[in-house]
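2 protein chains.
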Amino acid sequence: MANTYAIIMAGGAGTRFWPASRARRPKQLLDLTDSGRPMVADTVHRLLPEIPYERIFIVTQQVTADAIAEALPELPTENILAEPVGRNTAPCIGWGAVHVQKRDPEGVMAVMPADHLVQNLQGFRRKLRLAFQAAKSGALVMFGVRPRGPETGFGYVETAAQVSPGVREVVRFVEKPDLATAKTYVASRNYDWNSGMFFFRADRILDEIQHQMPDLWRGLDEIAGAIGTNEMETVKRVYPKLPSQSIDYGIMEHARERLCVPVNFGWFDMGSWGATYDLAKKDDAQNACRTETFSHESKGCYTQTDNPKKIIALVNVKDLVIVDTGDALLVCDRNKTQNVKEIVKTLETKNRAELL
Amino acid sequence: MANTYAIIMAGGAGTRFWPASRARRPKQLLDLTDSGRPMVADTVHRLLPEIPYERIFIVTQQVTADAIAEALPELPTENILAEPVGRNTAPCIGWGAVHVQKRDPEGVMAVMPADHLVQNLQGFRRKLRLAFQAAKSGALVMFGVRPRGPETGFGYVETAAQVSPGVREVVRFVEKPDLATAKTYVASRNYDWNSGMFFFRADRILDEIQHQMPDLWRGLDEIAGAIGTNEMETVKRVYPKLPSQSIDYGIMEHARERLCVPVNFGWFDMGSWGATYDLAKKDDAQNACRTETFSHESKGCYTQTDNPKKIIALVNVKDLVIVDTGDALLVCDRNKTQNVKEIVKTLETKNRAELL
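Protein chains in written order, with the numbering used here: chain A, 1 to 356; chain B, 1 to 356.
So here's chain A without its partners, still in its complex pose:
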């Protein structure tokens, strides 16, 4: 379709991937999946056969805009939208939407987080076309990932009757459940994981924003008027005053005409080092070593250093994540990798900006 666009959300800090991820090099700029490219570039390449560079926007932070431009030299630099401050996903998507609408009043946009992994690209593109098709007529569409288990780390979406082949009506969004609840969701087969990937016409989402988040809409309207003249100046003035809200809470929960395309194309949210380990190639002892590692009676470990001449030695240890950089070394229980953010918080408290 000639009027399809993509908004890639690349604004996260990814503190759970410290010390590899830093303020100036957040996780979307890392190659966490061994693809040979940063995750944000993977996200773009996943879309390319369907959407050309000139119709792909990346919303990111000012501090990382240059690095993203470098990682994606073929992307027009004017398609990189640099937020002066992070305001969660609703303002980010809204800013993208005003650009899409400016280019094409009938434009339909895919919204994609920059830190997801998709294994089956063919399947992804098939569902992408289906979702665009559904969104074209005005629905707010999302990808719902068919659960692989009673995961408690994701929000869920409850769906109802199929409205057309592969497309279902959304009943409601639910927050991250406890394990017992997650099990009932999975057993019922009516719940999918909320992937955070959305599809809608730009005019349609702006209309929802106007009704549900009028403060945001006024800010976006001001920015829209400045596109092509003093946009960045306006953004710098307006953005800090925008409400910080997610598209899920701010819009989707109470929107009309919501549809879900259930998908099963090998989707992974790279949320922490544990996910990186899960997806990495393992040796016979279930060690996943991205750096040269010598091991003695050790198993279930993940190793990585950014010094290509360095080796790592493991002696009688198990289930550890070891990530080494020039100025910081992390050693973490592999089943507790979400706690890495606690170290980042401590470093923030102690004003150790050089390590963040």
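Honestly, I wouldn't trust all of these hints.
It does not matter which identical chain is used: a pair holds within one copy or between any two.
Claimed, not checked - BS3-like mimics (lysine-lysine), calculated; alpha carbons at most 27 Å apart, straight line: (1) 341 <-> 318; (2) 341 <-> 299; (3) 282 <-> 341; (4) 345 <-> 299; (5) 309 <-> 350; (6) 350 <-> 310.
Hints in this document: simulated from the structure, not taken from any laboratory.
Assemble chain B onto chain A, guided by the hints.
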């Protein structure tokens, strides 16, 4: 006493302290006890009030001789005896003895490993004087460390009646025991740990060598004749042919007139990273951090890096030894630190000389 000498044995490789210890920087050149000096310098300073620099010899390997000279600028360089190959302790002590005898036919020598820690220096020096006194009359004297527990990592010495205050007769030497045997030793109160520290007149030990290890004696006799002329040339030719044997097995086990001075001055054999942890200062969570460390729900860990600007972060881990260098990182179970040598063996097998 004016005729006391010391032979410091600094020839070990210390593979269990890899990756901090390397072929060119073995453990005796490391500051493993946080004293601010390498262990070999600690060993010298422990003796200095009793024995001046000019009467202290250090036997080491050629590859480390320069580093030792650098660490001890006041030690006469001719007192550093550089072995072309390691031949265990009997040849090392024998070579020292011929030097002592050359300087003073009645010289009495203390033999000290370079990698031991002594906490109570006053007590050490008191026992040193006592041992020299006992050795002066011709006995082969050793320090026997009063056991702090049924340790299975040391050899033991059985003693009999006291022959003079603080000096006992040696009954026999026994090898590293199993735990049950070690317990009976400790309960009997007649056994001490074999400290590896010995005291004897130079002529007396050379006489024992002549009778018990005639091949070694002939080699030493040849070297003795070359002192002051072409000694190093002779050593290079003779040394590789000398038998590789410890002083314990080769001489002490079957020698006559053996005495033991039981000691209790806070003696520690720095045998592996576990010992370093045991001796290091701990925080409330029993972590011993020689480098800046941020920890979240972690305990019993030892951390060290040779990069003063680097931090280490621990997340939900316990009882680990973490040693970081520029080209290698070790992560090891703190109770299995003796297995670090297995990594060194693997690196040797794989011809990774740059890491050894």
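How the hints compare with the structure:
1. Taking identical chains as interchangeable, the C-alpha atoms of residue 341 and residue 318 lie at most 27 Å apart whether they share a chain (22 Å) or sit on different chains (19 Å).
2. In this assembly of identical chains, the alpha carbons of residue 341 and residue 299 lie at most 27 Å apart whether taken from the same copy (25 Å) or from different copies (18 Å).
3. Taking the shortest Cα distances, residue 282 and residue 341 sit within 27 Å of each other both inside one copy (25 Å) and across copies (25 Å).
4. For the identical chains of this complex, residue 345 and residue 299 are inter-copy neighbours only, at 19 Å across copies versus 30 Å inside a copy, given an alpha-carbon limit of 27 Å.
5. Only between protomers do residue 309 and residue 350 lie at most 27 Å apart by alpha-carbon distance; the minimum there is 16 Å, versus 32 Å within a single protomer.
6. For the homomeric pair residue 350 and residue 310, the shortest alpha-carbon distance between copies (16 Å) is at most 27 Å, but the shortest distance inside one copy (30 Å) is not.
Of the numbered hints stated above, none is contradicted by the structure.
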